[in-house]
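S.K.: Going down the list, the sequences are from chains U and L.
Positions 1 to 266 (this note's numbering) are the ones given, in order, by the first sequence.
Positions 1 to 363 (this note's numbering) are the ones given, in order, by the second sequence.
Because the hints were derived from the structure by calculation, they are not lab data.
It cannot be assumed that every hint is accurate.
[To be verified] Listed next, the in silico BS3-like pairs over lysine-lysine satisfying Cα-Cα at most 30 Å (straight line):
hint: 1; chain 1: U; residue 1: K204; chain 2: L; residue 2: K195
hint: 2; chain 1: L; residue 1: K225; chain 2: L; residue 2: K264
hint: 3; chain 1: L; residue 1: K225; chain 2: L; residue 2: K182
hint: 4; chain 1: L; residue 1: K297; chain 2: U; residue 2: K30
hint: 5; chain 1: U; residue 1: K30; chain 2: U; residue 2: K204
hint: 6; chain 1: L; residue 1: K228; chain 2: L; residue 2: K195
Predicted model only: the values in this text are computed from it and were never measured.
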Amino acid sequence: MTDILDTSAPPKRKARLVDDFEPSLILEGKHQLCAGCGEPAALRSAVEMVNELGLTNRAVAVFGIGCYTSFSPVMDLEVAQALHGRAPSVATGLKRVQPDSIVFTVQGDGDMVNEGLQEVIHTAARGEAVTCIMLNNGVFGETGGHMTSTTVLGQRTKNTLGGRDPKQHGFPIRMAEMLAPLDGVAYVARGATNNAGNIFQLRKMLASAFEVQRDGLGFSFVEILTMCPTGWFIQTGEAPDYLGERMASYHKPGIIKDVRLETEAG
Amino acid sequence: MSAELLEGSEALAKAMISAGCRFFAGYPMTPFTEVLEGMAKHLPEVGGTCINAESELEAIGMAWGAAAGGVRAATGSVGQGLSLMQESIAEMCFARLPLVVLNMARGQGDYFQATRGGGHGDYRTIALAPADLTEAVSLIQQAFHFADRFRNPVLFMGDYYLAHVIEAVDTGPAEFEPLPAKDWLLDGSTSGSGKARIISPLMPVKRNAEVFVEYGDYLETSGDKIAKMEQGMAPLYEAGFCEDAEYVVVSYGTPARIIRYAVKQLREQGIRAGFFRPISLWPFPSSALADATWSAKAVGVYELNAGQMVDDVRLALRDREVESIGGISFDDSGFGIAPELTPAKVEVRIRDAMSRLGMEVAV
Numbered sequence: 001m002t003d004i005l006d007t008s009a010p011p012k013r014k015a016r017l018v019d020d021f022e023p024s025l026i027l028e029g030k031h032q033l034c035a036g037c038g039e040p041a042a043l044r045s046a047v048e049m050v051n052e053l054g055l056t057n058r059a060v061a062v063f064g065i066g067c068y069t070s071f072s073p074v075m076d077l078e079v080a081q082a083l084h085g086r087a088p089s090v091a092t093g094l095k096r097v098q099p100d101s102i103v104f105t106v107q108g109d110g111d112m113v114n115e116g117l118q119e120v121i122h123t124a125a126r127g128e129a130v131t132c133i134m135l136n137n138g139v140f141g142e143t144g145g146h147m148t149s150t151t152v153l154g155q156r157t158k159n160t161l162g163g164r165d166p167k168q169h170g171f172p173i174r175m176a177e178m179l180a181p182l183d184g185v186a187y188v189a190r191g192a193t194n195n196a197g198n199i200f201q202l203r204k205m206l207a208s209a210f211e212v213q214r215d216g217l218g219f220s221f222v223e224i225l226t227m228c229p230t231g232w233f234i235q236t237g238e239a240p241d242y243l244g245e246r247m248a249s250y251h252k253p254g255i256i257k258d259v260r261l262e263t264e265a266g
Numbered sequence: 001m002s003a004e005l006l007e008g009s010e011a012l013a014k015a016m017i018s019a020g021c022r023f024f025a026g027y028p029m030t031p032f033t034e035v036l037e038g039m040a041k042h043l044p045e046v047g048g049t050c051i052n053a054e055s056e057l058e059a060i061g062m063a064w065g066a067a068a069g070g071v072r073a074a075t076g077s078v079g080q081g082l083s084l085m086q087e088s089i090a091e092m093c094f095a096r097l098p099l100v101v102l103n104m105a106r107g108q109g110d111y112f113q114a115t116r117g118g119g120h121g122d123y124r125t126i127a128l129a130p131a132d133l134t135e136a137v138s139l140i141q142q143a144f145h146f147a148d149r150f151r152n153p154v155l156f157m158g159d160y161y162l163a164h165v166i167e168a169v170d171t172g173p174a175e176f177e178p179l180p181a182k183d184w185l186l187d188g189s190t191s192g193s194g195k196a197r198i199i200s201p202l203m204p205v206k207r208n209a210e211v212f213v214e215y216g217d218y219l220e221t222s223g224d225k226i227a228k229m230e231q232g233m234a235p236l237y238e239a240g241f242c243e244d245a246e247y248v249v250v251s252y253g254t255p256a257r258i259i260r261y262a263v264k265q266l267r268e269q270g271i272r273a274g275f276f277r278p279i280s281l282w283p284f285p286s287s288a289l290a291d292a293t294w295s296a297k298a299v300g301v302y303e304l305n306a307g308q309m310v311d312d313v314r315l316a317l318r319d320r321e322v323e324s325i326g327g328i329s330f331d332d333s334g335f336g337i338a339p340e341l342t343p344a345k346v347e348v349r350i351r352d353a354m355s356r357l358g359m360e361v362a363v
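Work the whole structure out from these sequences, hints included.
M.R.: Pasting the structure below:
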């Protein structure tokens with residue numbers, strides 16, 4: 001329980017800044033991503049859950065290519081850097097030869113759903129004991145805001161200037177719902193980083209995914225909705241609400257599959 | 001171990017396992033399929049893993065992951081499948097990862113793909129091309145050694161003939177110089193230590209390393225890496241009847257086996273022909289070729305394509321007349337069976353070439 005703050009006198013120590021809270025597994029907290037980006041909170045949540053579960057000295061992250069790739073050299077976790085779209089196959093090979101390791105991928109929606117959709121589907125269907133994490137901001141953030149396969153209808157991007165129109169650009173893919181029915185899949189959830197409550201839920205989802213992998217139950221997947229005010233062409237402060245209203249109404253947060261609960265329910 | 005009668009593809013699989021290969025992934029395509037079958041059969045017997053991948057892209061991705069985990073890994077296909085793998089082959093060179101890639105090629109149209117690379121950026125891969133099964137089971141083991149020694153993918157060039165020839169071969173382990181331990185492999189053990197490892201085509205170390213290498217500087221190290229590999233490995237070749245030869249035929253792979261036989265037949269008839277066979281296509285045995293052809297008035301290149309290796313022969317022998325005497329030859333199976341590749345037809349081509357150049361070819 002948190003102690004009730006004494007407000008009768010000024011605090012004895014200086015106010016702490018974000019950098020003062022660097023988690024132990026982040027070597028350098030000063031990231032290079034845009035203000036308001038949701039990816040740092042997502043990645044921080046992932047490495048903190050690895051640490052809290054006591055899995056640190058077994059963990060290997062397999063990174064795709066996107067804005068988040070800039071975290072691969074600043075995390076104090078082993079990293080295999082994969083090509084755009086190819087992290088699930090690299091994770092598969094690594095996990096098969098190092099079965100005691102905890103292997104998780106970090107990919108964006110462009111990386112996983114556009115470039116490498118086949119990889120994640122087959123990795124899930126094989127029931128590989130790896131965790132795939134998709135940071136879904138609905139755009140190619142690194143290229144400056146272009147449509148991906150998860151871009152919601154009506155969203156304006158640099159190559160859907162009038163908004164995503166299903167007649168011309170097709171419909172978005174709901175990745176979590178696509179993977180959940182596959183037999184090899186043990187855990188699927190979609191979280192979001194747009195407010196503290198959602199981050200709290202997200203941390204529990206990530207912990208569940210790593211536990212499922214640790215316990216050898218099968219493939220686990222966590223999709224994380226992240227803000228990208230730069231790629232959405234909106235004010236930084238508007239991004240959390242935009243995520244909540246526009247993205248989360250199509251890509252709905254929640255736990256979509258957990259085989260542990262199914263077993264308990266009989 | 002002693003020799004046993006084996007089909008080529010199964011012998012290759014057994015030799016790879018003798019070399020310590022414990023991970024294999026592939027997508028079926030004849031005549032690579034047969035090697036994949038051999039690995040699927042024999043790898044589990046030694047506790048290894050063989051995965052039937054969903055595509056060539058994923059096959060090499062899986063092998064990439066296994067290599068990063070420190071295990072000797074291989075994949076392969078035919079030239080078509082290798083086209084799909086080029087991005088990963090190039091980037092694994094940048095990431096300093098060992099891998100053996102088999103190209104069980106259809107014909108010899110993949111010489112440029114193997115030696116120039118179909119991928120992007122500045123990289124090179126050692127390419128080894130055996131002429132028969134005995135040499136193949138030895139070279140495939142050397143391929144794993146070179147891959148680990150240089151931390152670079154190595155190509156092994158086979159074909160339909162090699163996959164299906166049945167010969168008595170010893171697939172037991174070969175002896176090699178000891179290699180340093182893989183102190184770079186990923187298993188999670190360094191996570192949280194402040195010195196977590198990274199294997200990346202983008203950088204060699206993490207941000208907190210004593211000497212961090214920026215991306216541009218890292219790319220610039222590729223030239224040194226290629227030079228080290230080229231200087232560190234003596235090109236492999238075989239030469240025969242070259243000492244007083246008027247005409248030397250250069251050929252690699254299965255056709256070179258036929259050329260070797262044809263040249264021997266010509267010698268028995270008193271015709272001064274010789275042969276030269278590059279075994280490593282990269283690094284190409286340029287100076288050995290120059291030495292072997294010192295007495296020759298002209299050099300012919302026999303390859304089952306429209307003329308690819310002939311470029312390397314011309315680069316090696318800039319003062320000598322060099323011509324192509326091979327050509328594309330396919331039967332309708334599409335598997336790379338060459339109707340032109342018979343000892344009699346090959347002998348006629350050599351005779352005709354020598355005769356055109358005014359050399360003595362009368363019996």
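S.K.: The structure should be examined with respect to each hint, and the outcome stated for every one.
M.R.: Cross-check of the supplied hints:
With a CA separation close to 28 Å, the supplied pair U/K204 and L/K195 stays within the 30 Å bound. With a C-alpha separation of about 40 Å, the suggested pairing of L/K225 with L/K264 is violated against the 30 Å cut-off. Between the alpha carbons of L/K225 and L/K182 the distance comes to roughly 18 Å, so the proposed pair stays at or under 30 Å and holds. Pair hint L/K297 plus U/K30 does not hold up; C-alpha atoms about 68 Å apart against a cutoff of 30 Å.
Taking the CA atoms of U/K30 and U/K204, the gap is about 25 Å. The hint holds against a cut of 30 Å. Our distance criterion of 30 Å between C-alpha atoms is met by L/K228 and L/K195, whose separation comes to about 27 Å.
Consistency with the previously given hints fails for numbers 2 and 4, ordered from lowest to highest.
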